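A.B. asks: Chains as they are written, first to last, in this note's numbering: chain A, 1 to 107; chain B, 1 to 194.
Simulated from the structure, these hints should not be mistaken for laboratory data.
Be aware that one or more of the hints could be misleading.
[Said to hold, decoys possible] Within a straight-line C-alpha distance of at most 16 Å, the following computed EDC-like cross-link-like pairs (lysine to aspartate or glutamate) qualify:
1. Lys51(A) to Asp24(B)
2. Lys70(A) to Glu31(B)
3. Lys87(A) to Glu11(A)
4. Lys70(A) to Glu45(B)
5. Lys67(B) to Glu53(A)
6. Lys51(A) to Glu88(A)
7. Lys86(A) to Glu11(A)
8. Lys39(B) to Glu27(A)
9. Lys70(A) to Glu43(B)
10. Lys21(A) to Glu31(A)
11. Lys67(B) to Glu20(B)
12. Lys181(B) to Glu54(A)
13. Lys86(A) to Glu27(A)
14. Lys94(A) to Glu54(A)
15. Lys181(B) to Glu53(A)
16. Lys3(B) to Glu45(B)
17. Lys22(B) to Glu68(B)
18. Lys87(A) to Glu27(A)
19. Lys67(B) to Asp16(B)
20. Lys181(B) to Asp24(B)
21. Lys71(B) to Glu31(B)
22. Lys73(A) to Glu19(A)
23. Lys42(B) to Glu30(B)
24. Lys42(B) to Asp16(B)
25. Lys67(B) to Glu31(A)
26. Lys71(B) to Glu53(A)
27. Lys39(B) to Glu11(A)
28. Lys51(A) to Glu45(B)
Computed from a predicted structure; not experimentally measured.
This is what each chain is made of:
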Amino acid sequence: MNIQFKKGVLELCVLSMLERKVCYGYELVNEISKSISISEGTIYPLLRRLKSEEFVTTYLQESQEGPPRKYHKLTALGRKKEGELKKEWFTFAKDVNNFLKGSGKNE
Amino acid sequence: MNKKEFLGRLSELIKDIPEEEKKDILFDYEEHFRIGLEKGRKEEEIAASLGDPKVIAKQSRASCILKEAEKTTSVNNLMRAIFAAVGLGFFNLVIVLGPAMGLIGILVALFASAFAITISGVAILFGTILGPLFVFDIYIPLTSIVSIPLGIGLTALGLLSIIGALYLTKFFYKLSIGYLKMNLQIITNRRNTR
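For reference, chain A alone in the conformation it holds in the complex (with noise of 0.2 Å):
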């Protein structure tokens, strides 16, 4: 796929996916390059920045296998941004079928 469509959807991808449940990051990073192909370790900074930015808490959970793990849940704000971010997506997504639909026909 195109570099350029990936641009910036990927922010919208994790807090899509945090939407649906709680993860971990190595869980998240598995989830989402099954489904587009990234450089996974880029996946990290971006999750610190949603925390920063108070969209993601994180927290530390036992696991069964070994030593705990961190989790990441979406805040209040992040939830919102999420939707928000949802909306802009699918509007834009729709524009750009309906003109490539309009463009065929013309030709």
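Given the coordinates of chain A, work out where chain B should sit on it, guided by the hints.
C.D. replies: Same frame as chain A, but now just chain B:
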């Protein structure tokens, strides 16, 4: 690259940020490796899919240093933030360093003129009053009726300009932080998709 090499390189590249922040960053990647290994992946494979530690370090450093500059106002912190942002790529060399140089130029010019006005005011004032007492002749082509108020006026104007320039510096500082924050968001999103 294995786990130890990856974490070692990353830790070396972010050594100048506060210890706590650094530990926090390394913790995330250590966890990532640990869980990846539990899922049966190889260290080298995990390191490769994480990407270049340099890219990760640049992003982490830039946002961390910017946070510091926002918390503690100092020219040094702002400079570090600007250079960390410039380090994120050629694109930033133009859109960060350009405006930064412009703003610094404006401030230097303002301070220089404010000081010049103040000094000229003081010089006229004292020249008029003390001039007759000196052995050397200080030539002021004005009568003292004009030059004393002029001296006081210029001194006051100069001092006000200095205060004004200080406020403007503060305003520019906040403006720069805001700009760098926005810039970091765009850049991080660009980088993430590479």
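A.B. asks: Now look at each hint and say whether the structure bears it out.
C.D. replies: For each hint, the structure was consulted:
For the proposed pair Lys51(A) and Asp24(B), the alpha carbon gap of about 12 Å is at most 16 Å, so the pair holds. The suggested pairing of Lys70(A) with Glu31(B) holds, with an alpha-carbon distance near 8 Å, which does not exceed 16 Å. Proximity of Lys87(A) to Glu11(A) is assessed by CA-CA distance (about 14 Å); at most 16 Å being required, the pair is judged to hold. The suggested pairing of Lys70(A) with Glu45(B) is violated, with an alpha-carbon distance near 22 Å, which exceeds 16 Å.
Among the hinted pairs, Lys67(B) with Glu53(A) is consistent with the structure: their alpha-carbon atoms are about 11 Å apart, no more than 16 Å. Between Lys51(A) and Glu88(A), the direct Cα distance comes to roughly 22 Å. Violation of the 16 Å bound is thereby established for this hinted pair. Our distance criterion of 16 Å between C-alpha atoms is met by Lys86(A) and Glu11(A), whose separation comes to about 11 Å. Of the pairs offered as hints, the one joining Lys39(B) and Glu27(A) holds, with about 11 Å between alpha carbons and a cut-off of 16 Å not exceeded.
Under the criterion of a C-alpha separation no larger than 16 Å, the hint pairing Lys70(A) with Glu43(B) is inconsistent with the structure, at around 20 Å. Proximity of Lys21(A) to Glu31(A) is assessed by CA-CA distance (about 12 Å); at most 16 Å being required, the pair is judged to hold. The hinted pair formed by Lys67(B) and Glu20(B) meets the criterion: a straight-line CA distance of about 14 Å does not exceed 16 Å. A distance of roughly 15 Å separates the Cα atoms of Lys181(B) and Glu54(A); the hinted pair therefore holds under the 16 Å criterion.
Taking the CA atoms of Lys86(A) and Glu27(A), the gap is near 21 Å; set against the 16 Å cutoff, the hint is violated. Proposed proximity of Lys94(A) and Glu54(A) is contradicted: the alpha carbons are some 30 Å apart, above 16 Å. Distance hint between Lys181(B) and Glu53(A) is fulfilled; the C-alpha atoms sit about 11 Å from each other, no more than 16 Å. Proposed proximity of Lys3(B) and Glu45(B) is supported: the alpha carbons are some 10 Å apart, at most 16 Å.
A hinted pair counts as satisfied when its Cα atoms are at most 16 Å apart, and Lys22(B) with Glu68(B) qualifies at roughly 13 Å. A hinted pair counts as satisfied when its Cα atoms are at most 16 Å apart, and Lys87(A) with Glu27(A) does not qualify at roughly 25 Å. Of the supplied pair hints, the one linking Lys67(B) and Asp16(B) holds, its CA atoms being roughly 14 Å apart against a limit of 16 Å. At roughly 21 Å between alpha-carbon atoms, Lys181(B) and Asp24(B) are farther apart than 16 Å, so this suggested pair is violated.
At most 16 Å may separate the alpha-carbon atoms for a hinted pair to count; Lys71(B) and Glu31(B) exceed this at roughly 29 Å. Between Lys73(A) and Glu19(A) the alpha-carbon distance is near 8 Å, which keeps this suggested pair within the 16 Å criterion. For the proposed pair Lys42(B) and Glu30(B), the alpha carbon gap of about 14 Å is at most 16 Å, so the pair holds. For the given pair, Lys42(B) sits about 30 Å from Asp16(B) by alpha-carbon distance, which is inconsistent with the 16 Å threshold.
Restraint check: the Cα-Cα separation between Lys67(B) and Glu31(A) comes to about 29 Å, which exceeds 16 Å; the hinted pair is violated. Distance restraint check for Lys71(B) and Glu53(A): the Cα-Cα separation of roughly 14 Å lies within the 16 Å cut-off, and the hinted pair is therefore satisfied. Distance restraint check for Lys39(B) and Glu11(A): the Cα-Cα separation of roughly 26 Å exceeds the 16 Å cut-off, and the hinted pair is therefore not satisfied. Between Lys51(A) and Glu45(B), the direct Cα distance comes to roughly 28 Å. Violation of the 16 Å bound is thereby established for this hinted pair.
When each numbered hint is compared with the structure, violations occur for hints 4, 6, 9, 13, 14, 18, 20, 21, 24, 25, 27 and 28.
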